[in-house]
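Peer 1: Fit chain B to the supplied structure of chain A, relying on the hints for placement.
The primary structure of each chain is shown beneath.
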Amino acid sequence: DTEVTQTPKHLVMGMTNKKSLKCEQHMGHRAMYWYKQKAKKPPELMFVYSYEKLSINESVPSRFSPECPNSSLLNLHLHALQPEDSALYLCASSQVDMGFHNSPLHFGNGTRLTVT
Amino acid sequence: GENVEQHPSTLSVQEGDSAVIKCTYSDSASNYFPWYKQELGKRPQLIIDIRSNVGEKKDQRIAVTLNKTAKHFSLHITETQPEDSAVYFCAASSRAGKSTFGDGTTLTVKP
Chain A
1 DTEVTQTPKH
11 LVMGMTNKKS
21 LKCEQHMGHR
31 AMYWYKQKAK
41 KPPELMFVYS
51 YEKLSINESV
61 PSRFSPECPN
71 SSLLNLHLHA
81 LQPEDSALYL
91 CASSQVDMGF
101 HNSPLHFGNG
111 TRLTVT
Chain B
1 GENVEQHPST
11 LSVQEGDSAV
21 IKCTYSDSAS
31 NYFPWYKQEL
41 GKRPQLIIDI
51 RSNVGEKKDQ
61 RIAVTLNKTA
71 KHFSLHITET
81 QPEDSAVYFC
91 AASSRAGKST
101 FGDGTTLTVK
111 P
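Chains as they are written, first to last, in this note's numbering: chain A, 1 to 116; chain B, 1 to 111.
Chain A extracted, bound-state conformation:
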C-alpha cells in the first residue's frame, strides 16, 4: 500500500478549467512536496512545504497554486493550464530532522494530468 495518497489518479481538463490535485499522508512527516514528471524525464521540483509553510517555489507559473491546509494535506490548484503542462504530478513527503530535510522522499502514485 502507498503511504502517500493522491487523488485523482487521472485528470483531463480544458485550458479554461479550474481543478485541484489532492495529496494526503499520515506518516507524521512535516515536509511535503510537489514534483512534475514528464515521460522519460526525472521528477522536477515545483514546491516544498515545511511545517505547513511554503519554503521553496521553483519559479513555477502562477497558474499552479499550492496549498497546505494542515500537516497531512497538500493541494495543488490548477487554473488556465497549457497543453505543455500535461505530465505526471507527484506528491511526496519526508521527515524534517532538526530543521533539515535529510530524509528520503515518500512518493504518492501521482496524478496523470492531460490538458486539452
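Keep in mind the hints are simulated off the structure, nothing from the lab. Any given hint might turn out to be false.
Claimed, not checked - Below are the BS3-like pairs computed for lysine-lysine, each with C-alpha atoms no more than 27 Å apart in a straight line:
1. B/K58 - B/K22
2. B/K98 - B/K68
3. A/K53 - A/K19
4. B/K22 - A/K9
5. A/K40 - B/K37
6. B/K37 - A/K38
7. B/K98 - A/K40
8. A/K19 - B/K42
9. B/K68 - A/K38
10. A/K40 - B/K22
11. B/K71 - A/K22
12. B/K22 - A/K41
13. B/K71 - A/K40
14. A/K22 - B/K37
15. A/K38 - B/K58
16. B/K110 - B/K37
17. A/K22 - A/K41
18. A/K36 - B/K22
19. B/K37 - A/K36
20. B/K98 - A/K41
21. B/K68 - B/K110
22. B/K58 - B/K37
23. B/K58 - A/K36
24. A/K41 - B/K42
25. A/K18 - B/K68
26. A/K9 - B/K42
27. B/K37 - A/K9
28. A/K36 - B/K98
29. B/K71 - B/K58
30. A/K41 - B/K71
31. B/K37 - A/K41
32. A/K53 - B/K98
33. A/K38 - B/K22
34. A/K38 - A/K9
35. A/K36 - B/K42
36. B/K110 - A/K22
37. B/K110 - A/K53
As the list claims (entries may be wrong) - Cβ-to-Cβ under 10 Å is the rule here; a few derived chain A residues that face chain B:
38. Y33
39. Q37
40. P43
Here a beta-carbon is modelled for each residue, glycine too, at the ideal position from N, C-alpha and C.
Peer 2: For chain B alone, kept in the frame of chain A given last:
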C-alpha cells in the same frame, strides 16, 4: 543551483552480472544522496541513500559509495536479476529540502 549528472543513460547487463551507475554533483552544500528506482508506470521508490558523513553503505546486493572531495557517488548492484530492470535516479539534496535528480539510467537485465 545544483546540477547532477548521471551516467550511463542506458545500461544492459546479463542476469548475475554487476551494474554500476555514476553521478556527479556541483553544490558542495548538498549533504544527502538518495537513489530511487522507478518501474514503468509506478512511483519512484527509495532503494538506498547515503549522507555526507559516510563514504560507503551496503544493503544486501546494493551498495552506494560517496567521494565528497570529487563530488561523485555511485550505485553498485551485484548479482542482478530481471526484476532489477527499471529506471534508476540519483539525487542530491540540500538541507533546505531541494532535491535535484539526475536524468536517470534505464537498466535492463537480460535473463
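Peer 1: Look at each hint and say if it fits the structure.
Peer 2: Okay, the hints, checked on the actual structure:
1. B/K58 - B/K22: Holds, at about 16 Å.
2. B/K98 - B/K68: Satisfied, since the Cα-Cα distance of roughly 18 Å is no more than 27 Å.
3. A/K53 - A/K19: Holds. A/K53 to A/K19 sits at ~22 Å (cutoff 27 Å).
4. B/K22 - A/K9: violated (33 Å)
5. A/K40 - B/K37: Since the Cα atoms of A/K40 and B/K37 sit roughly 13 Å apart, the hinted pair holds (cutoff 27 Å).
6. B/K37 - A/K38: holds (16 Å)
7. B/K98 - A/K40: holds (21 Å)
8. A/K19 - B/K42: With Cα atoms ~23 Å apart, A/K19 and B/K42 stay inside 27 Å; holds.
9. B/K68 - A/K38: Not OK: B/K68 and A/K38 at ~30 Å, beyond 27 Å, violated.
10. A/K40 - B/K22: Holds, at about 18 Å.
11. B/K71 - A/K22: violated (37 Å)
12. B/K22 - A/K41: holds (17 Å)
13. B/K71 - A/K40: Status holds; Cα separation ~25 Å.
14. A/K22 - B/K37: Since the Cα atoms of A/K22 and B/K37 sit roughly 24 Å apart, the hinted pair holds (cutoff 27 Å).
15. A/K38 - B/K58: violated (31 Å)
16. B/K110 - B/K37: holds (18 Å)
17. A/K22 - A/K41: Given that 27 Å is the threshold and the Cα spacing comes to 23 Å, the pair holds.
18. A/K36 - B/K22: The given pair, whose Cα atoms are some 24 Å apart, holds under the 27 Å limit.
19. B/K37 - A/K36: holds (17 Å)
20. B/K98 - A/K41: holds (17 Å)
21. B/K68 - B/K110: violated (34 Å)
22. B/K58 - B/K37: Distance of about 16 Å is within 27 Å: holds.
23. B/K58 - A/K36: violated (30 Å)
24. A/K41 - B/K42: This hinted pair holds, its Cα atoms lying about 14 Å apart.
25. A/K18 - B/K68: It is violated: about 46 Å lies between the C-alpha atoms, which goes past 27 Å.
26. A/K9 - B/K42: Holds. A/K9 to B/K42 sits at ~12 Å (cutoff 27 Å).
27. B/K37 - A/K9: holds (20 Å)
28. A/K36 - B/K98: At roughly 14 Å apart (the allowed maximum being 27 Å), B/K98 and A/K36 satisfy the hint.
29. B/K71 - B/K58: holds (19 Å)
30. A/K41 - B/K71: Satisfied, since the Cα-Cα distance of roughly 23 Å is no more than 27 Å.
31. B/K37 - A/K41: Holds, at roughly 13 Å.
32. A/K53 - B/K98: holds (15 Å)
33. A/K38 - B/K22: holds (22 Å)
34. A/K38 - A/K9: holds (16 Å)
35. A/K36 - B/K42: The given pair, whose Cα atoms are some 14 Å apart, holds under the 27 Å limit.
36. B/K110 - A/K22: Distance ~39 Å between B/K110 and A/K22 Cα, so the pair is violated.
37. B/K110 - A/K53: Not OK: B/K110 and A/K53 at ~47 Å, beyond 27 Å, violated.
38. Y33: At 7 Å from the nearest chain B Cβ, A/Y33 passes the 10 Å test, so the hint holds.
39. Q37: holds (8 Å)
40. P43: This hint holds: A/P43 lies near chain B, its Cβ roughly 6 Å from the closest one there, short of 10 Å.
Checked against the numbered hints given earlier, this structure breaks hints 4, 9, 11, 15, 21, 23, 25, 36, 37; the rest are met.
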